[in-house]
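A.B. asks: Take a look at the letters that make up each chain.
2 protein chains.
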Amino acid sequence: MVPKVVFGRGCFDQLPSILAPQRKDKAPFIYLVDDVFKENEELINRMNLRFNDKLIFVSAEEEPKTEQVDTIVKNIKSEFTYRPSGIIGVGGGSILDLSKAVSIMLTNKGSASDYQGWDLVKNKAVYHVGVPTISGTGAEVSRTTVLTGPEKKLGINSDFTPFDQVVLDPDLTVGVPKNQWFYTGMDCFIHCVESLNGTFLNEFSKSYGEKAYDLCKEIFMNGNLTEVESRGKLMMASWHGGMSIAYSQVGVAHAMSYGLSYVLGTKHGVGNCIVFDHLEEYYPEGVRLFKEMKEYHNIDIPQGICGNLTDYQMETMIDIALSLVPLWENALGEDWEQKMTRDKLKELYLKM
Amino acid sequence: MVPKVVFGRGCFDQLPSILAPQRKDKAPFIYLVDDVFKENEELINRMNLRFNDKLIFVSAEEEPKTEQVDTIVKNIKSEFTYRPSGIIGVGGGSILDLSKAVSIMLTNKGSASDYQGWDLVKNKAVYHVGVPTISGTGAEVSRTTVLTGPEKKLGINSDFTPFDQVVLDPDLTVGVPKNQWFYTGMDCFIHCVESLNGTFLNEFSKSYGEKAYDLCKEIFMNGNLTEVESRGKLMMASWHGGMSIAYSQVGVAHAMSYGLSYVLGTKHGVGNCIVFDHLEEYYPEGVRLFKEMKEYHNIDIPQGICGNLTDYQMETMIDIALSLVPLWENALGEDWEQKMTRDKLKELYLKM
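For the protein sequence lines, the chains are Y and P, in the order given.
Last residue of the first sequence? That's 352 in my numbering, and every number before it is there in order.
Last residue of the second sequence? That's 1352 in my numbering, and every number before it is there in order.
One should not assume that every hint holds.
[To be verified] List time: in silico SDA-like cross-link candidates among lysine to any residue, alpha-carbon distance up to 20 Å:
| no. | chain 1 | residue 1 | chain 2 | residue 2 |
| --- | --- | --- | --- | --- |
| 1 | Y | Lys4 | P | Lys1004 |
| 2 | Y | Lys122 | P | Pro1021 |
| 3 | Y | Lys206 | P | Pro1021 |
| 4 | P | Lys1004 | Y | Pro3 |
| 5 | Y | Lys206 | P | Gly1008 |
| 6 | Y | Lys124 | P | Asp1164 |
| 7 | P | Lys1004 | Y | Val2 |
| 8 | P | Lys1206 | Y | Val6 |
| 9 | P | Lys1004 | Y | Val6 |
| 10 | P | Lys1122 | Y | Pro21 |
| 11 | Y | Lys4 | P | Glu1229 |
| 12 | P | Lys1206 | Y | Glu218 |
| 13 | P | Lys1124 | Y | Lys206 |
| 14 | P | Lys1206 | Y | Thr226 |
| 15 | P | Lys1122 | Y | Gln22 |
| 16 | P | Lys1206 | Y | Glu227 |
| 17 | Y | Lys124 | P | Ile1018 |
| 18 | Y | Lys206 | P | Arg1009 |
| 19 | P | Lys1004 | Y | Trp118 |
| 20 | Y | Lys206 | P | Asp1171 |
| 21 | Y | Lys344 | Y | Ser323 |
| 22 | Y | Lys4 | P | Asp1119 |
| 23 | Y | Lys4 | P | Asp1159 |
| 24 | Y | Lys4 | P | Asp1164 |
| 25 | Y | Lys206 | P | Asn1222 |
| 26 | P | Lys1206 | Y | Trp118 |
| 27 | Y | Lys206 | P | Glu1229 |
| 28 | Y | Lys4 | P | Asn1222 |
| 29 | P | Lys1004 | Y | Gln165 |
Simulated from the structure, these hints should not be mistaken for laboratory data.
Given the sequences, and given the hints that come with them, work out the whole structure.
C.D. replies: Have a look at this one:
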């Protein structure tokens, strides 16, 4: 788990004093920052870069890729003689996952794609700090970093993946566009539904999942919260939602959404919404609530995105989705292969 | 925060494999175990002591003392040439707090009483593992270790206090006597009420406190849970309750209960219940629920324990209670001294 966390409006200002004791002589801090903040001088000034620290703006337009991790690591290694003092990720799930992966690959040989899977990482990562600027992914607390590789979309799941420090400042989420706010919040809601309805669940994950689920209902179905309350609560829903996966797994929506991302490059948040909207059969109560929230906030979910797929694309999408065995096992039990056939998956994808 | 945790029925059996990579050559693991397990060969065998590992049975009859910590540390230092590989606490809140304090004092000079307060510890503690065998105290997750010293009852609050690893096995709580189960569970319920009604609260602590509070209601007011469910849920309530204190504080009940412990040696769990039973004025809804739960489970709370106090004892009790400034500030606000006078405290204590 993440061993250190600060929470509070404005706590981002504590970042320099948090980093100071971690600084090693001549070894820079590398900041990976979502490029939506490129023009945001105020935010950048608050980071207070010193000495040879480096700020790299990264686009979150596409899902993070193993290749992208490898390139960033190569560039850091060629620019600096000393291994960085730390990696600081400032952004949404993509930037946070990228930061976790970069910090791992600075101390482990080969390509990030060699480590997609469970417990393959050998060496402790470089010190890494996560600063979420949008809430819902759970990437700030999770033990994985989901990457699209040459062969698969799969996380680097390891004890070295979680951040050493997380800075939870709800004010950093001011200004997130409404659709993005909803899609990303629903990432949390959906993975709670999947976790709470899964076969892997125990009381540890259940208690976190229930809290995140309750907070999502409070945030997305209740007009009485102030914006400040809503931002604070959503940041905590994301945190608890991520924790609930510790002893559990996601399910049908995430498996299918991974297929969409791999073939069409669909971003994770909206991809989950596109899929979940059609999963009444698997999560009746969750999907009913989702539709209510969607309506309440007047959100459009893209439609018909699988209409023009080639056969090859459809087969690849199905292959990717089916490759996520633990997700299916959690969702449908050990005999999931009898329950989720290629034909069934195709039928579902064609609705989307 | 605690960086590593395992949860699950029977997960205590993972302890040897968790400890193995932490073992340093010639450096023993020291097990501090509640002496109620003295005759429990099965439990002791599962710990699988090796080489020069040492098991010390400790009585939890009394609240842990700084003197007791100093003695254990002195004995360990004189028996072993090498600093221990780790300290493993197996027991309730007293044993867990003792284990945290011993692990700190093995690397810091002087007496444990020198470190009662906030952030006074200089050096990282020895690796330490917590295994709770009763649920409710939150000691397994907290950043403090409450000790009675020569001058005060106060915790060693520091970044080095939390366990490096916690093992949450609900089956270890089988066989806890009913009164003890209730008193310790109420420790959790009461500190949630205090935290949720306090002035220090933020959304971080609130979300944890609410979950623990909801779980307590589910456990103590609902006859429909199986024993297995109830044990798992109470272990998580204790965990979340402890987490909720991270950005909050306890309040009136804990401050007054510390006074009882200091003067009369009242154990923390029952002490909280004795006090809370008379705090309608401060926590009306919480006290109402408490009385309902007490009745539902047919629990007797000791009465009249302050009836025969000498003036000196009463004054000491009031001094100790009033010395816990952050607790009063959290409970009653910055002007707490106007609201909680010595006379008022005396009047409350005399009811108990």
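A.B. asks: Given the hinted pair Lys1004 (chain P) and Val2 (chain Y), is their alpha-carbon gap at most 20 Å?
C.D. replies: Given pair Lys1004 (chain P), Val2 (chain Y) holds - Cα atoms ~9 Å apart, limit 20 Å.
A.B. asks: Holds or violated: Lys122 (chain Y) with Pro1021 (chain P), Cα cutoff 20 Å?
C.D. replies: 14 Å, holds
A.B. asks: For the pair supplied as a hint, Lys124 (chain Y) and Asp1164 (chain P), is the alpha-carbon distance within the 20 Å limit?
C.D. replies: 16 Å, holds
A.B. asks: Regarding the pair Lys1004 (chain P) and Pro3 (chain Y), is the alpha-carbon distance no greater than 20 Å?
C.D. replies: 8 Å, holds
A.B. asks: Regarding the pair Lys344 (chain Y) and Ser323 (chain Y), is the alpha-carbon distance no greater than 20 Å?
C.D. replies: 15 Å, holds
A.B. asks: Straight-line Cα separation of Lys124 (chain Y) and Ile1018 (chain P) no greater than 20 Å?
C.D. replies: 17 Å, holds
A.B. asks: Starting from Lys1004 (chain P), check that the Cα of Val6 (chain Y) is at most 20 Å away, please.
C.D. replies: 18 Å, holds
A.B. asks: Are the Cα atoms of Lys206 (chain Y) and Asp1171 (chain P) separated by 20 Å or less?
C.D. replies: Roughly 18 Å between the alpha carbons, so the hint for Lys206 (chain Y) and Asp1171 (chain P) holds.
A.B. asks: Run the distance test for Lys206 (chain Y) versus Gly1008 (chain P): straight-line Cα separation, threshold 20 Å.
C.D. replies: 12 Å, holds
A.B. asks: Hinted pair, alpha-carbon criterion (20 Å max): Lys4 (chain Y), Glu1229 (chain P). Please report holds or violated.
C.D. replies: Not OK: Lys4 (chain Y) and Glu1229 (chain P) at ~30 Å, beyond 20 Å, violated.
A.B. asks: Against the 20 Å threshold, does the CA-CA distance of Lys1122 (chain P) and Gln22 (chain Y) hold or violate the hint?
C.D. replies: 16 Å, holds
A.B. asks: Does the structure keep Lys4 (chain Y) and Asp1159 (chain P) at a Cα separation of 20 Å or less?
C.D. replies: Given that 20 Å is the threshold and the Cα spacing comes to 9 Å, the pair holds.
Hints 3, 11, 13, 26, 28 from the list above are not met by this structure, while the remaining hints are.
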